[in-house]
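Go by the hints and put chain B onto chain A.
2 protein chains.
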Amino acid sequence: MVVEQGGVTTPLGFLAGGLHAGIKKKRKDVGLLQSIVPAAAAGVFTLNKVRAACVTQNEQQLLLSGRLQAIVVNSGNANACTGRQGDLDAQEMRAHTAKALGLQEELVAVASTGVIGVQMPMDALRAGITACAEVLAMEGSGDFAQAILTTDTCTKETAVQVVVDGQTVTIGGVAKGSGMIHPNMATMLAFVTTDAAVEPGALKRLLARTTDQTYNRITVDGDTSTNDMVLVMANGLAGNDLLEETHPDWQLFADAFRYVSEKLAKDIARDGEGATKLVEVIVKGAATEAKAGIIAKSIVGSSLVKTAVFGADANWGRILAAAGYSGEDFNPALVDIRLGDIQVAQGGMGLPFDEEAAKEVLAGDPVTITVHLNEGAESATAYGCDLTYDYVRINASYRT
Amino acid sequence: MVVEQGGVTTPLGFLAGGLHAGIKKKRKDVGLLQSIVPAAAAGVFTLNKVRAACVTQNEQQLLLSGRLQAIVVNSGNANACTGRQGDLDAQEMRAHTAKALGLQEELVAVASTGVIGVQMPMDALRAGITACAEVLAMEGSGDFAQAILTTDTCTKETAVQVVVDGQTVTIGGVAKGSGMIHPNMATMLAFVTTDAAVEPGALKRLLARTTDQTYNRITVDGDTSTNDMVLVMANGLAGNDLLEETHPDWQLFADAFRYVSEKLAKDIARDGEGATKLVEVIVKGAATEAKAGIIAKSIVGSSLVKTAVFGADANWGRILAAAGYSGEDFNPALVDIRLGDIQVAQGGMGLPFDEEAAKEVLAGDPVTITVHLNEGAESATAYGCDLTYDYVRINASYRT
Numbered sequence: 001m002v003v004e005q006g007g008v009t010t011p012l013g014f015l016a017g018g019l020h021a022g023i024k025k026k027r028k029d030v031g032l033l034q035s036i037v038p039a040a041a042a043g044v045f046t047l048n049k050v051r052a053a054c055v056t057q058n059e060q061q062l063l064l065s066g067r068l069q070a071i072v073v074n075s076g077n078a079n080a081c082t083g084r085q086g087d088l089d090a091q092e093m094r095a096h097t098a099k100a101l102g103l104q105e106e107l108v109a110v111a112s113t114g115v116i117g118v119q120m121p122m123d124a125l126r127a128g129i130t131a132c133a134e135v136l137a138m139e140g141s142g143d144f145a146q147a148i149l150t151t152d153t154c155t156k157e158t159a160v161q162v163v164v165d166g167q168t169v170t171i172g173g174v175a176k177g178s179g180m181i182h183p184n185m186a187t188m189l190a191f192v193t194t195d196a197a198v199e200p201g202a203l204k205r206l207l208a209r210t211t212d213q214t215y216n217r218i219t220v221d222g223d224t225s226t227n228d229m230v231l232v233m234a235n236g237l238a239g240n241d242l243l244e245e246t247h248p249d250w251q252l253f254a255d256a257f258r259y260v261s262e263k264l265a266k267d268i269a270r271d272g273e274g275a276t277k278l279v280e281v282i283v284k285g286a287a288t289e290a291k292a293g294i295i296a297k298s299i300v301g302s303s304l305v306k307t308a309v310f311g312a313d314a315n316w317g318r319i320l321a322a323a324g325y326s327g328e329d330f331n332p333a334l335v336d337i338r339l340g341d342i343q344v345a346q347g348g349m350g351l352p353f354d355e356e357a358a359k360e361v362l363a364g365d366p367v368t369i370t371v372h373l374n375e376g377a378e379s380a381t382a383y384g385c386d387l388t389y390d391y392v393r394i395n396a397s398y399r400t
Numbered sequence: 001m002v003v004e005q006g007g008v009t010t011p012l013g014f015l016a017g018g019l020h021a022g023i024k025k026k027r028k029d030v031g032l033l034q035s036i037v038p039a040a041a042a043g044v045f046t047l048n049k050v051r052a053a054c055v056t057q058n059e060q061q062l063l064l065s066g067r068l069q070a071i072v073v074n075s076g077n078a079n080a081c082t083g084r085q086g087d088l089d090a091q092e093m094r095a096h097t098a099k100a101l102g103l104q105e106e107l108v109a110v111a112s113t114g115v116i117g118v119q120m121p122m123d124a125l126r127a128g129i130t131a132c133a134e135v136l137a138m139e140g141s142g143d144f145a146q147a148i149l150t151t152d153t154c155t156k157e158t159a160v161q162v163v164v165d166g167q168t169v170t171i172g173g174v175a176k177g178s179g180m181i182h183p184n185m186a187t188m189l190a191f192v193t194t195d196a197a198v199e200p201g202a203l204k205r206l207l208a209r210t211t212d213q214t215y216n217r218i219t220v221d222g223d224t225s226t227n228d229m230v231l232v233m234a235n236g237l238a239g240n241d242l243l244e245e246t247h248p249d250w251q252l253f254a255d256a257f258r259y260v261s262e263k264l265a266k267d268i269a270r271d272g273e274g275a276t277k278l279v280e281v282i283v284k285g286a287a288t289e290a291k292a293g294i295i296a297k298s299i300v301g302s303s304l305v306k307t308a309v310f311g312a313d314a315n316w317g318r319i320l321a322a323a324g325y326s327g328e329d330f331n332p333a334l335v336d337i338r339l340g341d342i343q344v345a346q347g348g349m350g351l352p353f354d355e356e357a358a359k360e361v362l363a364g365d366p367v368t369i370t371v372h373l374n375e376g377a378e379s380a381t382a383y384g385c386d387l388t389y390d391y392v393r394i395n396a397s398y399r400t
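Which chain is which? The protein sequence lines are A and B, in order.
With the first letter of the first sequence counted as 1, position 64 gets the number 64 in my numbering; the numbers rise by one all the way through.
With the first letter of the second sequence counted as 1, position 335 gets the number 335 in my numbering; the numbers rise by one all the way through.
In isolation and in its complexed conformation, chain A is listed as follows (with noise of 0.2 angstroms):
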């Protein structure tokens, strides 16, 4: 079900590129993501009231039209906080593209990532845009992939097939991650490509529900940035029926659908800023999905949760109090804590366990923490990495 080495040009129609066109020194920072024929397709954006103006734009024309044919993602610059003149760039951005290509604007999104308050270097953008659009291929989705990073350590791309009706349908998927990573309601930059035919609202919603239990499980350093965006594109060249959630295979499809979601949305948490580990945080016995989810979140987030399991020191009061200042109800009397398969609380209190057991546990990659409610039969989990002196050095000279 998993395509090796797959990515968002591993369904039918889909074309992309990348280059370096000298918005960052080195490193591409020009994407295009073309699908061959307009798709079905919808988005989610950040909650932050500082947005850049591609989010706001994107989100307007979603709203109108439901459909996208191509996505033009540049890094290096954000464009937020420019201002006027930064409306008129992303505008200018989706503009050009559509030339480029060859495609009405309105079917033309436009994503940006890098340094806040920076006019764009637009010259050096369009010939970028221009140049990407002669080299799109099949082959290009790895190009795009390290086009769109900014201090990412790696790429961040996977694929899955299902069959509805009797078709076999892809869904692909690529993401960018690393620092200002606490999302609300999408994280920074993720796209997912399908061949799918998937009637435009159930897409609306499947993104939705899904973006929550993934991308907005995740968490880096609790700050939520000004760019995030998920947006899907559904082609439907894979010639099956329409779905919807009245279509038999509906529930095989959002299970693919959530797979390639929580894949990169664990690879993000993976490639944090400065981590040398995924965290995952599972809560159990829960009286509701949200209540679990925002309690994993809460523990994931901890400053002093995340040093200790970076300096593997088993202090497993810190995930107790931070589950405790969620904001959430629950009886701290009930609750159980495992390490790994190491359980070093009970009812609330501590058991006697081999330190050196748990320091083997937390020292491995990745770390896994349970932590069970008993009040309930619901659980979910949230994802993010270690702190560490390297995320202090990136962040303290990011800019300069």
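This list has only true hints and no planted wrong ones.
Some, not all, of what chain B presents toward chain A, calculated at C-beta under 10 angstroms:
1) 221
2) 303
3) 318
4) 396
With a Cα cut of at most 30 angstroms, we get these calculated DSSO-like pairs of lysine-lysine:
5) B:49 / A:266
6) A:26 / A:99
7) A:359 / B:24
8) A:49 / B:266
9) B:24 / B:266
10) A:359 / B:49
11) B:204 / B:284
12) B:277 / B:26
13) A:266 / A:284
14) B:359 / A:24
15) B:99 / B:25
16) B:26 / B:266
17) B:263 / B:359
18) A:359 / B:25
19) A:26 / A:277
20) A:266 / A:24
21) B:49 / A:277
22) A:24 / A:263
23) A:99 / A:25
24) A:24 / A:99
25) B:359 / A:25
26) A:26 / A:263
27) A:26 / A:266
28) B:204 / B:49
29) A:49 / B:359
30) B:49 / A:284
31) A:204 / A:263
32) B:359 / A:26
33) A:359 / B:26
34) B:277 / B:266
35) A:266 / A:49
36) A:24 / A:49
37) B:277 / B:359
38) B:277 / A:49
39) A:204 / A:284
40) A:49 / B:284
No wet-lab data here; the hints were simulated from the structure.
Backbone N, C-alpha and C define an ideal beta-carbon position, used for all residues, glycine too.
For chain B alone, coordinates are given in the frame of chain A:
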């Protein structure tokens, strides 16, 4: 008005002491603070769902009586997540102190700070309390201030005097902070004493309001502790008429009370774990004071703002982004930002500014960041510190 070298025993009729009882390896770990007569008292306590036994017991006790005569504190062990035995130990700590001082149990409050989830070494604690009760003195204020510290690098004490009804009234305070500092209704241990006569209801309201604007406006790491509390004792020995909101000198007293709380809160922020400097974020031009406070705290709590301050990088976009995810509504296009006296953004956009001069501001201590919303007349200040390599070092191996 500020008393040089003042502390909790500067007001009339308060004695204190502190010594090493063996809970910590070397440093003082048990402290006692006593009024020579019963005092009107009030407290605010952590809103963390996971609370130490002492927190819940003090809260219940103060609700019943509204009076205190002594406070016993230990550091090195939080007696949190210690179950039924922890409850019994906190009761015994109270009972043993009452006996050692010859007081009724319900006039003694208990506070603990240190590692979570480890049972209290009661033999050492009892012996320490007995010994400490024998050395209580007006000169013991500094020993008490030391005995309540954990990873703090310095004591935090202050005292001020105002004239009420022609009588000099003194307010003293002591606090500890360092890590797990993101108070919600209270901070990690602050004790305020005064010889003023204050009506208990007025004292309670004053403490709640002052806490919201001082202790609740600081953050070190976003982690709300299990043991936070602020306690105030007013013993009336200054001989003033009973102070309440209708008293002509009430505002004078309330301002002095706020000064003490703000001083301690700033001292806690400046001495945050690993911190090299105090960061003050002033939000001006807001529609309400509460909104200004929430936005200020969101900015001062941002890991990205904190690391940028550590690295003296004038990355003002992070400041606006952190305001944007505060949950409060405002118009980003109206926002002006200053680092010290240097304006770096106007109307939500960057201005050209002298990078070297901005670097100098950020390299100083304290660093003042001013954000003007240009929508109203209210303002508020939040306090925090930078995020440094040392925060990671200290917390990667706190317990081991």
